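Asker: This is what each chain is made of:
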Amino acid sequence: MANSDAPTVSEPFPIFELANRYLLYDVNTITYIRAKYNIPGVLIGGLPQAPQQNVFSGIPLELMPEEARLLCEKGVAYVVDDARAHKQGFLDRGLSVEERKRFAESLRKQGQAAASKVKEKAEDKKQTALRQIASGGDWNDLPEDMLKPPSRPTSRAANKKKAGRPPLETGGLDEDESLFASPMNSFPKPAPTSGSRVNPPAPSRGLEPHTVTPTTSYPPLTAAPPPLQSSLSTSRHYSLGVDNSAASARLPEAPSSYPLYKDLHEKGYFILPGIRFGCKYMAYPGDTLRFHSHFLCNSKEWDEEFDMLDLVAGGRLATSVKKGWLMGGMERPSKGGAGLNKPKVRSFTIEWGGM
Amino acid sequence: MADLDEDALLTSAPTADEIDLSEETQDFRFLSAFGTNEVKIPKRGEKDFEQHGTNLQSDTLAASRQAMHNALSFQRVHQPKGYTMATYHPESNMAYSYNPKGPLFARMGQVLSALEDPLGNDERRGQRLWLLPEELIYLLERGTIDVRWPVSEDDEDDRALPMSVQAAYAMCIGGTLTLERHIVYSSLKRAGYIVLRSADFNGSGPSPGTECYPPLPDRTWRGLHHGRDGCLLQPALYRSYADIYSRLALVQFHDPTTQRPQPSNLPVTIPTDLHQPLSSISVTYNIWKPGTTMFKKSSPGTPDFRIAVVNARETKVPSLQQLSSLMEAVPYEPPKQDAQLYQKLKHGYKNVILAIVDQGVVSYLRLADAAFGRERLYGSKSPRPGFKHGGSRKRGQKRR
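The listed protein sequences correspond, in order, to chains R and D. Everything in the first sequence is counted per our numbering, starting at -10 for the first residue and increasing by one. Everything in the second sequence is counted per our numbering, starting at 88 for the first residue and increasing by one.
Hints may be right or wrong, so weigh each one.
[Said to hold, decoys possible] Cross-link-like lysine-lysine pairs, in silico, DSBU-like; alpha carbons within 35 Å at most:
no.	chain 1	residue 1	chain 2	residue 2
1	R	Lys256	D	Lys188
2	R	Lys25	R	Lys289
3	D	Lys188	R	Lys333
4	R	Lys106	D	Lys403
[Claimed, not checked] One-sided and incomplete, this derived list gives chain R residues near chain D with beta-carbon spacing under 7 Å:
no.	residue
5	Pro40
6	Thr117
7	Thr205
8	Glu255
9	Gly275
10	Val310
Quick caveat, the hints were computed from the structure, so don't treat them as lab data. As the structure is a computational prediction, the values presented were derived from the model and not from experiment. C-beta: ideal position from N, C-alpha, C; glycine also.
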């Protein structure tokens, strides 16, 4: 998994909408839009491999409405009403028996792969431990706690049956788990206590698959781009499982600062929401993973009046964190030649002089 | 003086304690520092100022992206040991699990009473733990539980399909659980706090009770000092400055210890509400500190903090009216009288934490009903406790 430098995603790809928030769940799409479209988004989920921390976050990725709109305007993405798609697919039996079966089967395969991976690891550990002993030779050198099974008191009973084994498997529990895996979708039954002597390592084919929680729902759900706006008839049906009405050709509604966002983005900046510094956006000169931000951006209407004090406060704040305070907005379209030249976005940076 | 301030602003580098790593996009290459055994937090990755077109830079970036991609591709696999299954219940938008094992469930989920349980009062009701939507998402995302869709006839041998992370979000976000509320919930849970819904979660809860108001005071001493003839200080024998100062304290101040419910004001406030329809801010979650050992789900006790979740893009700076009604609903909790001056001001007589969410980024802000007028600076024996540390911080409010 995840070995290619830049995963490619077929366009247009779906953006999932939940009550006017725009989310992405597919890791390939997340990496792809970051590399190709300079769109970082904000990861809002937790990482299951490091669950008790907030420094690194995980899937899903929340997109600002501006980001979602930009992608839709480029024609590389479309919006899917995700709650609706799920209700139709899973609750209203939109998925056919065939699709369900296929999905369950693929999950079973993934679970099987996971189980055999766990087993391999355990086997590996055992081998290295054995090698160590063979080379070291002295059993008395083993640390005391290595002889104890690394488990909580609750699993005492389960450990008893391992008494016959060489007591050096620190990773032995994993193997144990895969051998006595309970069938999918049932409560873990206590492992059979009768013939529980040293089990010969079962071939991975015979492993009970582990259960897997998938990250995305696509598949089994399928998303297809909405029909072009000219043919907005609801009568159009696809033979696919999900009724296509979950996808829509509507553009996400972006706030009035969208022109500034778009302009900065076109100039190659990565944009993140600006709450940390009390502004609308933060503009980064490159990927936010690698660079510090340069500008704290605020959007204004062309003739909008604002306090001189805002300017001083913003300028001082930005300068003290080594950034520029940027203010921008769309020029008012000229009265005469409407449509001749598109209104431009102009922006200004302010730096505290500190004379 | 002004110059000193500016220098301090520009030169003082934050100390290690002050750096909040979650404030910035982190380099995922440092994630590996989170080993299973090590609880070490990675050092802040060095970032560059701008692109300089070197291979080194682009390689580092590619490595960071790859590390992020790998970290995000983690597959949630449930080992048979400690496997916990829950079933989603679409009608109530909750999930239930029978006798789930694990320390997390001591502080999450609830067994519902016979009347409340959506599945009715069958014999397994006592073992059935119901998970709220935010608990469902959090646990599923954490890889702790395997949530299943309800079984349908299409499924072979009673095995329902598992819910994906995406499905959990799609089904559970909406209604009163906004995405912002969930983001705050899960980030607090990840930080180790115990988080429960407040009574106001589904709109306005019960109107503020007596616990929201200070006990009736003994206010005999007030107003006795002021002479009526316009002379502040009668010529007399004063033995201490405190006597004089207390007579000079004429300015009215907001005193949280004397706030009373004012039913007579109700007709006045309602028209202004109609005139200016403001979404009210209310307490969303009650929070207990991570180390609370005595916590019991059945009787959680007084929370350590109360959090109101606010969407940065949809909310203006709260008006005094909104703040007052928010404060009104919070129980009265005077600071310890022997605490330090700035501690007392920061804690206030009531306080709420606002969690402001801007497109997935959260900022916490503490609002306290502080009583400056009650902290007398004259006559205190110690030379202004906490004075040295107090200068750089805004009184009564603290940004995290």
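Asker: Look at each hint and say if it fits the structure.
Answerer: Hint check results:
{"no.": "1", "hint": "Lys256/R with Lys188/D", "verdict": "violated, 53 Å"}
{"no.": "2", "hint": "Lys25/R with Lys289/R", "verdict": "holds, 29 Å"}
{"no.": "3", "hint": "Lys188/D with Lys333/R", "verdict": "violated, 60 Å"}
{"no.": "4", "hint": "Lys106/R with Lys403/D", "verdict": "violated, 52 Å"}
{"no.": "5", "hint": "Pro40", "verdict": "holds, 5 Å"}
{"no.": "6", "hint": "Thr117", "verdict": "violated, 18 Å"}
{"no.": "7", "hint": "Thr205", "verdict": "holds, 5 Å"}
{"no.": "8", "hint": "Glu255", "verdict": "violated, 17 Å"}
{"no.": "9", "hint": "Gly275", "verdict": "holds, 5 Å"}
{"no.": "10", "hint": "Val310", "verdict": "violated, 9 Å"}
Of the numbered hints listed earlier, those contradicted by the structure are 1, 3, 4, 6, 8, 10.
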